[in-house]
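Using the hints provided, position chain B relative to the given structure of chain E.
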Amino acid sequence: MANSNLPRRIIKETQRLLSEPAPGISASPSEDNMRYFNVMILGPTQSPYEGTFVQLLIGGVFKLELFLPEEYPMAAPKVRFLTKIYHPNIDKLGRICLDILKDKWSPALQIRTVLLSIQALLSAPNPDDPLSENIAKHWKTNEAEAVETAKEWTRLYASGA
Amino acid sequence: MTLGSGGSSVVVPRNFRLLEELERGEKGIGDGTVSYGMDDGDDIYMRSWTGTIIGPHNTVHEGRIYQLKLFCDKDYPEKPPSVRFHSRINMTCVNHETGVVEPKKFGLLANWQREYTMEDILTQLKKEMAAPHNRKLVQPPEGTYF
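For the protein sequence lines, the chains are E and B, in the order given.
Each residue of the first sequence is one higher than the one before, starting from 1 at the first, in full-length UniProt numbering.
Each residue of the second sequence is one higher than the one before, starting from 1 at the first, in full-length UniProt numbering.
Isolated chain E (complex conformation):
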């Protein structure tokens, strides 16, 4: 059985993610690999990534995948977006530029804090530390237009389907 040696810490974190999910975030482990999570993050309100209200909220649903490497929690989880997103700190392959996923990782952080930080990154794009040069340039030269493109991509790709 592939998951027989799952550390207690991962089991605890998983149970809490399922029983007390953070608002706008869901994360559930896959059946055949308890270190591999399917994640959904709702685009925050007041951000270009939020859904549209038509009686109820439509879209603005971003799919991600998360993997806890063997070294976790001494090493950060690996996370990427599967939904296409127009954001200066996220590249075409969905890779995320976020300090806590790299040199600022600490074992005191958890899956939950990582996902909340990614959600916060959607509210606060940082074009000064870009992963996608072109998008960052767009953001710095014409923020209003870049935000429009981000909204358009949210409508096109983040339907949650």
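It is possible that some hints are incorrect.
What the hints assert, rightly or not - The calculated lysine-lysine pairs, modelled on DSSO-like cross-linking and capped at a C-alpha distance of 27 angstroms, are:
| id | chain 1 | residue 1 | chain 2 | residue 2 |
| --- | --- | --- | --- | --- |
| 1 | B | Lys27 | E | Lys92 |
| 2 | B | Lys27 | E | Lys102 |
| 3 | B | Lys27 | E | Lys84 |
| 4 | B | Lys105 | E | Lys84 |
| 5 | B | Lys136 | B | Lys105 |
| 6 | B | Lys104 | B | Lys74 |
| 7 | B | Lys74 | E | Lys92 |
| 8 | B | Lys136 | B | Lys104 |
| 9 | E | Lys92 | B | Lys79 |
| 10 | E | Lys92 | E | Lys102 |
| 11 | B | Lys136 | B | Lys69 |
| 12 | E | Lys137 | E | Lys104 |
| 13 | E | Lys84 | E | Lys12 |
| 14 | B | Lys74 | B | Lys105 |
| 15 | E | Lys84 | B | Lys104 |
| 16 | E | Lys92 | B | Lys127 |
| 17 | E | Lys104 | E | Lys84 |
| 18 | B | Lys69 | B | Lys79 |
| 19 | E | Lys63 | B | Lys74 |
| 20 | B | Lys27 | E | Lys104 |
| 21 | E | Lys104 | E | Lys63 |
| 22 | B | Lys27 | E | Lys137 |
| 23 | E | Lys92 | E | Lys137 |
| 24 | E | Lys63 | B | Lys104 |
Derived by calculation from the structure, the hints in this document are not laboratory data.
Coordinates of chain B only, in the frame set by chain E:
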């Protein structure tokens, strides 16, 4: 994979495994005689790859640059990628009409294990070029393609 530790049961899922391979390929491998990269930077599932092998010394392949196509389907790395030469080559494990590396004639693909990587495939093909049954075979003109 480390042996003897409880961690040996950790399975890196396909996409994260391919991201690791991508990063390794971007950094550059060893002496640079084999290399690879993604074909379509927009494909979130990272399926199509191009590999390059520089023909080994003291063989008919010396100085030639061979391009290959590797395709990692959804079941990679449980299953091996499909591998074919784009540049024409005369080699015992390569189909003469299509350029496909035939798994039956290439042990690494026939006896595939999850730990094997695209780098391993290219490195092993380079060794195969220098094997006694391949190193002196007459080759098609340089710069021709399947």
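Here is what the structure says about each hint:
{"no.": "1", "hint": "B/Lys27 / E/Lys92", "in the structure": "holds, 19 angstroms"}
{"no.": "2", "hint": "B/Lys27 / E/Lys102", "in the structure": "holds, 18 angstroms"}
{"no.": "3", "hint": "B/Lys27 / E/Lys84", "in the structure": "holds, 25 angstroms"}
{"no.": "4", "hint": "B/Lys105 / E/Lys84", "in the structure": "violated, 40 angstroms"}
{"no.": "5", "hint": "B/Lys136 / B/Lys105", "in the structure": "holds, 18 angstroms"}
{"no.": "6", "hint": "B/Lys104 / B/Lys74", "in the structure": "holds, 22 angstroms"}
{"no.": "7", "hint": "B/Lys74 / E/Lys92", "in the structure": "holds, 19 angstroms"}
{"no.": "8", "hint": "B/Lys136 / B/Lys104", "in the structure": "holds, 22 angstroms"}
{"no.": "9", "hint": "E/Lys92 / B/Lys79", "in the structure": "holds, 26 angstroms"}
{"no.": "10", "hint": "E/Lys92 / E/Lys102", "in the structure": "holds, 19 angstroms"}
{"no.": "11", "hint": "B/Lys136 / B/Lys69", "in the structure": "holds, 24 angstroms"}
{"no.": "12", "hint": "E/Lys137 / E/Lys104", "in the structure": "holds, 25 angstroms"}
{"no.": "13", "hint": "E/Lys84 / E/Lys12", "in the structure": "violated, 31 angstroms"}
{"no.": "14", "hint": "B/Lys74 / B/Lys105", "in the structure": "holds, 24 angstroms"}
{"no.": "15", "hint": "E/Lys84 / B/Lys104", "in the structure": "violated, 39 angstroms"}
{"no.": "16", "hint": "E/Lys92 / B/Lys127", "in the structure": "violated, 35 angstroms"}
{"no.": "17", "hint": "E/Lys104 / E/Lys84", "in the structure": "holds, 26 angstroms"}
{"no.": "18", "hint": "B/Lys69 / B/Lys79", "in the structure": "holds, 16 angstroms"}
{"no.": "19", "hint": "E/Lys63 / B/Lys74", "in the structure": "holds, 18 angstroms"}
{"no.": "20", "hint": "B/Lys27 / E/Lys104", "in the structure": "holds, 23 angstroms"}
{"no.": "21", "hint": "E/Lys104 / E/Lys63", "in the structure": "holds, 24 angstroms"}
{"no.": "22", "hint": "B/Lys27 / E/Lys137", "in the structure": "holds, 25 angstroms"}
{"no.": "23", "hint": "E/Lys92 / E/Lys137", "in the structure": "holds, 15 angstroms"}
{"no.": "24", "hint": "E/Lys63 / B/Lys104", "in the structure": "violated, 39 angstroms"}
Consistency with the previously given hints fails for numbers 4, 13, 15, 16, 24, ordered from lowest to highest.
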